[in-house]
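So the sequence shown is numbered by the working numbering: it starts at 1 and just counts up by one.
Since the hints were derived computationally from the structure, they do not count as laboratory data. Among the hints, a few may not be true.
Distance condition first, Cα-Cα at most 30 Å in a straight line; then the derived DSBU-like pairs of lysine-lysine [as the list claims (entries may be wrong)]:
| id | residue 1 | residue 2 |
| --- | --- | --- |
| 1 | Lys53 | Lys65 |
| 2 | Lys44 | Lys65 |
| 3 | Lys45 | Lys22 |
| 4 | Lys65 | Lys14 |
| 5 | Lys65 | Lys22 |
| 6 | Lys14 | Lys44 |
| 7 | Lys53 | Lys22 |
| 8 | Lys14 | Lys53 |
| 9 | Lys45 | Lys65 |
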Amino acid sequence: ARNAADTLIYTSEKTLREHGEKIPPAVRSEVEEKLRALRETREKKADDIAALKSATEALAQAAQKMGQALYRTGAAGQEQEDKTASQTGKGETVEGEAREGGAKEEKENNP
Numbered sequence: 001a002r003n004a005a006d007t008l009i010y011t012s013e014k015t016l017r018e019h020g021e022k023i024p025p026a027v028r029s030e031v032e033e034k035l036r037a038l039r040e041t042r043e044k045k046a047d048d049i050a051a052l053k054s055a056t057e058a059l060a061q062a063a064q065k066m067g068q069a070l071y072r073t074g075a076a077g078q079e080q081e082d083k084t085a086s087q088t089g090k091g092e093t094v095e096g097e098a099r100e101g102g103a104k105e106e107k108e109n110n111p
């Protein structure tokens with residue numbers, strides 16, 4: 001239980017450091033609160049496996065919300081990039097660039 005708690009603390013802190021500005025404040029504060037609670041439980045009640053598991057589960061749920069928020073932010077960012085690319089003409093096929101039958105040719109060369 002301690003190893004799981006330590007791993008979750010590490011990954012949650014790393015995610016907050018690397019992507020903190022992309023995480024909504026409410027989700028970020030919830031994760032930080034659960035992090036503090038788990039650290040405190042680990043230090044003061046290290047022998048209480050039930051308390052450690054409960055605090056770890058609470059942080060895991062908050063971390064999942066953080067991941068979902070980052071995913072939504074990433075998806076929204078990708079949509080914006082796609083929209084910008086289509087407006088600037090990126091991604092358009094230039095005549096003569098595409099080859100038809102490429103897969104067929106490869107099958108003929110590799111029986």
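Checked hints:
Proposed proximity of Lys53 and Lys65 is supported: the alpha carbons are some 19 Å apart, at most 30 Å. Restraint check for Lys44 and Lys65: satisfied, since their Cα atoms lie roughly 27 Å apart, inside the 30 Å limit. A hinted pair counts as satisfied when its Cα atoms are at most 30 Å apart, and Lys45 with Lys22 does not qualify at roughly 33 Å. For a cut-off of 30 Å, the pair hint linking Lys65 to Lys14 stands: about 15 Å separates their Cα positions.
Distance check on the hinted pair: Lys65 and Lys22 sit about 13 Å apart at the alpha-carbon level, within 30 Å; holds. Simply put, Lys14 and Lys44 have alpha-carbon atoms about 23 Å apart, close enough for the 30 Å limit, and the pair holds. A hinted pair counts as satisfied when its Cα atoms are at most 30 Å apart, and Lys53 with Lys22 qualifies at roughly 28 Å. At most 30 Å may separate the alpha-carbon atoms for a hinted pair to count; Lys14 and Lys53 meet this at roughly 21 Å.
Distance check on the hinted pair: Lys45 and Lys65 sit about 26 Å apart at the alpha-carbon level, within 30 Å; holds.
Figure legend: structure checked against the earlier numbered hints; the only hint not met is number 3.
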